[in-house]
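One-letter residues, chain by chain:
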Amino acid sequence: MLLVSILVIPLATGLIALVVPWRPLVGWMAAVSDAIVLALGIGLAIRTTSRGPMNALHGTLRADALSAFMVLVIGTVALAAALQSVRYLRVEIARGACTPKRATLYIVLVQAFVTCMLGAVLAANLGVLWVAVEATTIATTFLVGHRGTSKALEASWKYVVLCSVGIALAFLGTVLVYFAAIHPGGGPVVAHGVNTLDWTSLMSVAHRLNPDVLRLAMALIVLGYGTKVGLAPMHSWLPDAHSQAPAPVSALMSGVLLSVAFYALLRFKAIADAALGPAFPRTLLVVVGITSLVVAASLLLGQRDYKRLLAYSSIEHMGLLALGAAAGSALAIAAVLLHVLGHGITKAVLFLASGELHQSEGTSEIAKVPALLSRRPALGAIMAVGLVALVGFPPFVLFASEFSMFRAEVDVGMGWVVAVTFICLVVIFAAIASQGRRLLLGEPAVDAVQETTPRSVTVPLVIALAVCGLLGVIAWPLQSLLHAAAHVVAR
Amino acid sequence: MIGYAAALRLASGIVLLAAVAMLWRRDLRAAVPVLAVQGVALGVVAGTLALHQHDVGLGVTAFLVLIVKGFVVPLLVWRVVRRDPKIRETAPLVNVTASLVAAAVLIVLSFVVSAKITALSPSVATRLVPLGVATILVGYFLLVSRRRAVSQIVGLLLIDNGIALVTFLVTSGVPLIVELGSALDVLLVVVVLQVLVVNLRSRLGTFDLDQLKELHD
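Top to bottom, those sequences are chains V and X.
Under my numbering, think of the first position of the first sequence as 1, with each following residue one higher.
Under my numbering, think of the first position of the second sequence as 1, with each following residue one higher.
Everything labelled a hint here was simulated from the structure, so no lab data went into it.
A quick note: this is a predicted structure, and the numbers were derived from the prediction, not measured.
Watch out, some of these pointers could steer you wrong.
[Claimed, not checked] On the chain V side, residues computed to face chain X include the following (Cβ under 7 Å): (1) Leu153; (2) Val161; (3) Ala168; (4) Leu172; (5) Leu299.
[What the hints assert, rightly or not] Okay, the calculated bits of chain V under chain X, using three or more residues with CB under 8 Å as the criterion: (6) 118 to 131; (7) 134 to 145; (8) 234 to 245.
Even glycine gets a Cβ: it sits at the ideal position worked out from N, Cα and C.
All chains should be modelled from the sequences, with the hints used to inform the complete structure.
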């Protein structure tokens, strides 16, 4: 019942938004539905950590601590994005860039998008997981192109073509895993049935799966879901889509969609670890992880657009997650999950603040919006604190998670990886610091926009940043959940 | 009456042949019937397997594939092609002769890649897996070497049909719920692409992918 209602509430809100003409109340209703999802997620987290996994709908839905954790992340970011969506749409309609009909489309698609992500993390079956992840692509394509400019349409074309092609490979990988599962070595043949692709039944036969086929499958899975995660070299859709989408959608895509695809990788990696040993999946993940860090570092250096800056930083953080997952110990996975949460909140705050900036000043070029701290102290301060949190300064949560990931990586003998990572992080820090300085400090132009940002925008963002800071110092509310979730997929 | 093995080989062969024909013909209108033939052949593959294994669920899937990939998807592509004033792939990055040579290389490559899959469970069906893998690779080649929007949609569909062929041959289809979901996803992607083409065309006049160059670093 709990699992079903987590899916039904955002979906039902979307359906109501479909029939009721747009008004801000509809947007607030969407936010309330996300708040309920978050509350249910907390309930689910408490239940799964104390009493183990639960099923619903005859085993179609299944939640363990890992799924519960992902529901929490999705609920948190979706709530923050929904609160800003109302203002985004109101301003767009006021300046004539959006019609009430398109506002309805926006709310409906965002609700469908959130439902698909929740479906992906609650699916028992890896095939259903694939269907849900692919469905997120369809829901978000029109959201990326929602502004209707030629740039936005270009971004959505690239997005849907590249992600569909990429995710098709993940389907082939899933099929090969299924093929290996119905022909396991050394034991009775597994029934060719609906449940064969369930993650739990795959885990129970994992040690008997044919290693040759599984190696091929795992390579396809990393390439396929890796495209959707935005790992280099399959990342080229990401900066375009994230910079062109409306800011609340960018926050959702960067903050959680990437992590949901990463969640799929974690599930498959657990199977591959059991079937092949840790070496092969680790090599794959280290290659894509390091490549992502290097690509992000080199493209961040000359970045002149603040939304693209944030997009490349997402590629960096996904690279860090891949390296953490490569280490694979319980400590590493716990750190990876904490990083997912920390990155989700921090990136959502930054995208939402940059959306406010973009909407009021009409440009996303850093050089054209200087001296934010003196011109617009509230928004500037949020951006400043957000950037400090993003590059991993204490006391923010990303410092704690990165530090733990490094420790876990050294523990399993990946010292050289940590060294390379550290060099990339220094370069990225220098790039973000210099662009951030141009954005926040300097001389304001005489006719620059001065208006103050309304409380309804700043208060949620400040609360989110405070949560990031608090979680970095005291992670105890999450400790048992992280521990339980990490042990689901850790070796 | 041809037997199970012959029917399976013939239909799988047609799927690959249709993919190669896409590389050969530059007239985008020709893509529509070729796609339809490929979709029907794919339905026949699934249907043959269903008859051979007396599997009702697979029979349902076969019927679904026949309708969706044999009729609905080609119809949607036709609606995009119909309104396109430039119906030839005028300037592919690789010319037709070189494309066909590349296809031959890709087909050889797919036999090498598929050896491990066939080895796990050798049967009439799994020996045909290279044909599916080759269809996927030809689809990728089409996607990267052509510049018209319609060609990209066709490339995407070839990849998808190749994956469907591999799926049927190695596992006789994944569970029905996954099959339904993926069929629906493909259908929606084509609809999305169709809408995007219409929007982009109304904004840019005609629509070449070369015009998509505003976003870069």
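Hint by hint, here is what the structure shows:
no.	hint	in the structure
1	Leu153	holds, 5 Å
2	Val161	holds, 6 Å
3	Ala168	holds, 5 Å
4	Leu172	holds, 5 Å
5	Leu299	holds, 6 Å
6	118 to 131	holds (count 5)
7	134 to 145	holds (count 7)
8	234 to 245	holds (count 4)
Against the hints set out earlier in the document, no violation occurs for any number.
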